[in-house]
Every structure is written in structure tokens, then in C-alpha cells.
Amino acid sequence: MPIVFVHGVNNRDGDAYRENEQARDGFLKEIVAPALGMKPGKLQVLSPYWGQHGVQFAWGMAVLPNQSAEFEAFGKDAEAEARGRVAGLLAESHADGKIVDMARKDFRTAIDLLYASAMAGAETEEEARDLAKSYELAVSYAETSPQPDWLADAEPGNFADRLNHAARASDVESFGAGGILDSLKEGVSRLLNAAPDATAGVAGRLLRKKLNATITRFAGDAFVYLGNRGTSDNPGPIVGTVLADLRKASAISKAEGEPLVVIAHSFGGEIVYDILTYFDPGIAIDCLITVGSQVGLFEEMKLYKVSSPALPPNPPVGRVVRPASLKRWLNVFDTNDVLSYQLEPVVEGVSDFHYDTGYSSFAAHGGYFMRPSFYKRMAKRLAQG
Amino acid sequence: MTLLLNTAAAGQPGTHVLAIGVGKYPHLLDGDKKLAKDPIGLGQLDSPPVSLKAFLDWMLAPAGDGTGFSNPAVPLASVEAVCSSKAPVTIDTPALGQVALEPATRDNIQVAFEAWLDRMKSHADNLGVFYFCGHGVMVADQHLLAEDFGRTAQPWAHAFNISLTIRAVEREVSGAVFFFIDSCRNVPRGLALTLGADPQALIGADLKKNVSCQHVTAVYATGEGQLAFAPIGGHVSRFTSALLRAVSGYCGIKSPGEPTWNVDGDSVAAAIRTLLQYNEPGKDRQVSDQSIQGPLVPLLRIGAPPKVMVRLDLAPKERRSLYELYLAKGANRVAQTLVDQEFKVDLPRGVYEVGALDPHGALPLIRHEDEDLVPPIYMLTLKSQP
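Here the protein sequences line up with chains A and B, keeping their order.
Letter by letter, the first sequence follows residues 9 to 393 in the numbering used here.
Letter by letter, the second sequence follows residues 665 to 1050 in the numbering used here.
FYI, nobody ran anything at the bench for these hints, they're computed from the structure.
Quick caveat, the model's predicted, so the values are computed rather than measured.
Note that beta-carbon positions come from the ideal geometry of N, C-alpha and C, so glycine has one too.
Watch out, some of these pointers could steer you wrong.
[As the list claims (entries may be wrong)] Okay, derived cross-link-like pairs now, DSSO-like style, lysine-lysine, Cα gap no bigger than 30 Å in a straight line:
| hint | chain 1 | residue 1 | chain 2 | residue 2 |
| --- | --- | --- | --- | --- |
| 1 | A | Lys313 | A | Lys47 |
| 2 | B | Lys701 | A | Lys106 |
| 3 | A | Lys50 | A | Lys310 |
| 4 | A | Lys141 | B | Lys701 |
| 5 | A | Lys47 | B | Lys981 |
| 6 | B | Lys697 | A | Lys262 |
| 7 | B | Lys701 | A | Lys50 |
| 8 | B | Lys981 | A | Lys113 |
[Claimed, not checked] Using C-beta positions, here's what the derived DEER-type ranges look like:
| hint | chain 1 | residue 1 | chain 2 | residue 2 | range |
| --- | --- | --- | --- | --- | --- |
| 9 | B | Asp1036 | A | Ala252 | 51 to 57 Å |
| 10 | A | Pro154 | B | Tyr942 | 57 to 63 Å |
| 11 | B | Pro726 | A | Pro154 | 54 to 60 Å |
| 12 | A | Asp109 | B | Glu888 | 34 to 40 Å |
| 13 | B | Leu857 | A | Asp109 | 21 to 27 Å |
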């Protein structure tokens, strides 16, 4: 079964969840795929990358008031970048790195934070998939043991050991510990080490600088898309990139007799909507999940190719119709995410769902795919049919 | 520190065994003492005491009946063992009756090792066997964990470096030594990044001395960076099962001009690898590793040719019950007729004709001449073409 992931604006090779593509794919395969009744290894994830066709700044954003450093770096190596992401995660979610204290208050949330931290450093899809499988076990364990006795005397140095030991299910006894524990312990270590960075404001400075640059590029990418999207006979480069993978996935879907699921983050939702209503309305999609998206807002502004002030004739009571080739549409938004919008008021046949990323303001916009619990919720919704 | 057998004869070479099993780790996960600051994900094990007992029972079985240790040139002279387990482990011994084993703490292992080494040094042609089953890790070297691992803030003081121990033993003894190390060899990143986490060897390797031993075989339960496994519920581990199977008549090479078959480091290591591969299809694959140095010295000298575990099957499975599966060597022929299951039989090594025939003559004959059945196992699935 194919899943197409369409990213939003402000994504360039090297950005946070672009770097985490393998981690995202791992969680899609291990958590979402089984919920759809398919084997993880059979799921094909296509992620069309269109960032290279987005906005280019001739002066390198020289107009920004604080353009001296567009992004503050925690270091050049992969672990430093992972630690930087975790520092951002802590600062954005107002959590500290005291994982054991958090676990004593809210075991499930601590597990989510720990796996998000571990996932931030996942270097291969295999590691991400192992983490996803381990996360499933940990969550099941937390459901049956919301406050296990061992938490009373747990320490940061053995929290991951004890969680992993208590939660794992194995049909063999091994004379050593497996590799997943190393990933979890590194997750704990990142939380501990990143906490001072988060509280000392390093992550805050990172966020402020990102925020300014991000809003600028968000608007820029949207303008470039709207200006260059082309026509159905001659699609622009962004549409062409996404359309190619959608058609490829559609062909796989037909050949295998499996459903086609599309996940569109942020502005990716607008691109997919434009494609399904204008560029290629014939692509049959079984389920579209828009996450932190602005599809409804852009329809309110009548910015799509097929948008018409006369459709529907009677807003706000009336709504535009869902694309005919789309069987099911879930729209996920976070009230903390200032760039995510509801869709039900504008498009009929859509289900809006609220997800709390735990992040504040603008930071929530990119937070969905860092949280393992998001995949779990998504899988549950998809499984409900 | 528990001597189960001591029949060493002065001036005569003999085989000296040291066996260590550690299943109880009070300072690791699910232990009954204060948890180690960093338990590196390790907990209690059910298999090592059971595996150790199986190994010792095999060593102490009467020689010559094919079920235990047999080497008339270097007969069993001493067996010493320590074991940590939730329940006391007792061993049936020929001379002392039932003997309970003392725990495998780091101190007890040290004392037992030094006594074993002294016995090994008592004759230039002695043969040594060192067996360990329990938790292990590695970075540059492999480290084995004693019962009291994690008891203090310096947890690695209660482990030992088996890699350096082997190098030291090579310089301390003259005879041959066989190490069988049934433990994991994965590399915990936390350990690799901890300065000072350097367990000591059981004896220092004096590099001023040349390597003096005739031969050293070290067979490890798994490859570098890999895990070793046991069935859940207190069963003999995969590695020890393969080891005991291999030395129970499923490997060996004919000694030229003598009525004996020798089991040396090469043949036992190869047999263990093959048996592990056969036993473990699927996810938790475990393939042993080995290091063999010096001229080959027999660990065992047995009076019967080694057997081959034959596993003969036929595809497609729907046709199995229509065929007779057979193996023939000269006048000797074994067969399974019209039975819908894999044909399992033990045969002496040799060249056989292997095939399948339809007693009613309707289906085509399948025949492979000159199949070389080599211990420990021969597996073939015959193909019946439509």
C-alpha cells in the first residue's frame, strides 16, 4: 500500500522534519500500516520534495531585522543537531528534561517525550521502525501500568532500562541488551543535556530566529506556488513534482488493489487540493489527511484554480463539495498552531480532529510529526474507517 | 570454588575444566538488591544455570559410552564450577554425590580461575576447558559479568575481560585450551562512551613471555556486536545446545591408522556454527564466532564415527505421502515410505545415494548420486517436478 507524504512550505533539505524523514517513515510503517491491516514492510512511503522549487531570496533575506543568523546551530554533527531539536522540543512544549519527575506525574506523556527525543536522533529507517515498535510496547505497558512501582526509585540513568525491560515482550532470553535501549538512553541523555540549553534561552533564540525566517519563507513559498502553479496542460514545477508521485502511488495502489493514503502537512494540503480539483481530478485517493493545513483558509480567500465566488452560493451556510475522487478526508489541527485551520465549515464531507502537540504558538506547526503519539492517533482514526 | 572432580594423577596429563554460570544478578533489573546506577538493560537470566548443569552433566558422564567427555590420552582430571542462580544448583558427581555450587561472584570466579590455572600448569600436555554462560558485552574486548556486577559505584570491578584473559592464559600454560563463551557480544554505546569502564583480566598478560600453549580454540556464542539467545523459560541456551550436540557424536575426523575419531577445535567450531544456523531461521539469528590458534589438538577422542543428522524433505509437500524417501550406501539403505513428514534419521558420515521414488511408478524418480553426508547435519529438499 502506498502513502504519499506532501510537505508544506518552509521545507528545505536540512530542515527539521526533512532530516527526520526516515524517522517519520519508520513510524508510518510500524504504527500506521498495521492499523490499516497491512504488513509494515509492504508499505511504500513516497515523499515528493518540492522545496527546491520554492522561494529564493535574492539578498538572502537581508531584509530581516535580525538576519545575522537565520538559524542558530548547536553543532555540525548529527548528534548535535538531534540535541538541538530536542532542546527546541523542550522549549516549545514547556517541559524540562527531568524525565523521571515527569513520568511520576504523567507516565504516558513522559514516554511520548522520551521517544520523541530518541526519534530526533534516528539515523536509519530501521532504527526508527525499531523505536516505533518499542514505543507501541511502552504505550501498551503504560496503559496497563499507569504508575508502576519501579518509578518510585527510578533514576535518569536507569529509567530507559527499566521501561524497556518492563515493557518488552520477547519469546527468547538474550544474554545482553538489544540496540533499541541505546537509542532510548540517548533520548534520555539528550533530554538531560538539552534542558539547560532550553532554559538558558539558547533554544528560545533559535526559535525566535527561526520564527522570523520561517514566516518570511512561508509567505514566499505560497506566493511562488500561486504565481507559478501553471495549468493542467502545463503544470508548474511544484505541482509537477507532487503530481508525479501521486500518479506513481496511484498506479501502485491500482496494481496491488490496496488503498492510497495521502498525508499533506501545512501548505501541502493546498497543493493536493488544487491537484484533486483542477490539475488531475481523476486520481482516486482513499484517504487524505491534512495536518496543520490551511486548505479552508485558502478557499475562503478563493485562491484555488477552481475557486469561484459563486460556489457555494450561500456561505457561511453552504460549503464547497469534497473532490469526487476523494473517499475520505481527515483534517488535523492544533489550537496552539497558529497556522492550522478547521475545514468542516468550508468543505462538506470532512472530519476535523484536534491534536494537542503540547507546543506553543508557532512552534506547534512543525510539532505534529515529532510526537510518536500523533502517529498512534492517526492510526486509530484511519482504522475507524 | 566448588571442585566436583579431582582425579589428577601425578605426572600424567589430564583435562581440567572450569565452568561458570551466572543467571542471578542481584544488582540488575528485577534483582533483589539495589539496582546498579546503569544496568545497561540487563536483567535476570533463567538459562545459564540450566545450561551450565547440562554442560557439567555431559562432562561428568562416564567416559566411553558416547554421551560424555572421552579422551583417553588426557582423561578428565578435574572439574571446578561456580554458579549463580535463583535456586541452588546441585550437580551429581561420580565421587562426591550431589554437590551444590558456590555463587559466581567476581571473587569466587577469580579464586576458581587461579586454582584451575595452577592445575593446568601441572603438566605440559594438560588440556583445559573454560566454559562461561551469562551476560556479556564488548567494546574493543569482550567482558563477562559476574553475579555482583553493579554492586558498587565501580560496576565493572565485578566483571572480567575474557579477551585479555585468553591472551594471558596462552602465555601461562603449555597444553591446549578450549574456551566456550556463551554470552552476548553487543556493544552498549553507554559503555563505549564511559572512561574507566575497563574490567580487569583474570590474570595479566605478560607480553615478555612468548605464547607457550600448544593450541587455543575460543568459540563464542555469537558474532561481534551480536546477541546470544536461549529459549524462554529456563532451557539450555542455543549455543550450549549446539555445543553439546556437536560433542555428542556429531563431529570429528578419523585419526589416520587408529580406531578413533578426533574432535578438535576446527571440527567442533564448524559443527556449532552449522547447528546454530540450522536451529535458527528467522529474526533472532545467532551465528557463532571462533578463534583457533596453533596445531590442532583433539578435545575428544571417540571410538565411533561421527553421525550425521539427516533431514530429507520433498517439495511440493502435497506429494510427500506419495513417495518413498531413501538414502543408500552400498547394501545399507534407509527409507521412509508414503509418510507426509520430513524424513529424520541419523547416519554415519559417508557418500550416499539420496532420492525419492514412487512405489507405484506413476511419479518421476528423483535421484542424487554421490551425496556427501558430512557431520553434523545434512539437509535436502527433493524437488518433484510436475
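Hints, one by one, checked against the model:
1. The suggested pairing of Lys313 (chain A) with Lys47 (chain A) is violated, with an alpha-carbon distance near 38 Å, which exceeds 30 Å.
2. Proximity of Lys701 (chain B) to Lys106 (chain A) is assessed by CA-CA distance (about 17 Å); at most 30 Å being required, the pair is judged to hold.
3. Our distance criterion of 30 Å between C-alpha atoms is broken by Lys50 (chain A) and Lys310 (chain A), whose separation comes to about 39 Å.
4. Taking the CA atoms of Lys141 (chain A) and Lys701 (chain B), the gap is near 26 Å; set against the 30 Å cutoff, the hint holds.
5. For the proposed pair Lys47 (chain A) and Lys981 (chain B), the alpha carbon gap of about 26 Å is at most 30 Å, so the pair holds.
6. Between Lys697 (chain B) and Lys262 (chain A) the CA atoms are separated by roughly 60 Å; this puts the pair beyond 30 Å, and the hint is violated.
7. With a CA separation close to 41 Å, the supplied pair Lys701 (chain B) and Lys50 (chain A) exceeds the 30 Å bound.
8. Restraint check: the Cα-Cα separation between Lys981 (chain B) and Lys113 (chain A) comes to about 57 Å, which exceeds 30 Å; the hinted pair is violated.
9. Hint check: Asp1036 (chain B) to Ala252 (chain A), Cβ distance near 55 Å, so the stated range 51 to 57 Å holds.
10. Roughly 44 Å separates the CB atoms of Pro154 (chain A) and Tyr942 (chain B), a value that falls outside the hinted 57 to 63 Å.
11. At about 58 Å, the beta-carbon gap between Pro726 (chain B) and Pro154 (chain A) stays in the expected band of 54 to 60 Å.
12. Asp109 (chain A) and Glu888 (chain B) have their C-beta atoms about 38 Å apart, which keeps the hinted 34 to 40 Å range intact.
13. Under the hint 21 to 27 Å, the C-beta atoms of Leu857 (chain B) and Asp109 (chain A), about 25 Å apart, fit the expected range.
Taken one by one, the earlier hints fail for this structure at numbers 1, 3, 6, 7, 8 and 10, listed in ascending order.
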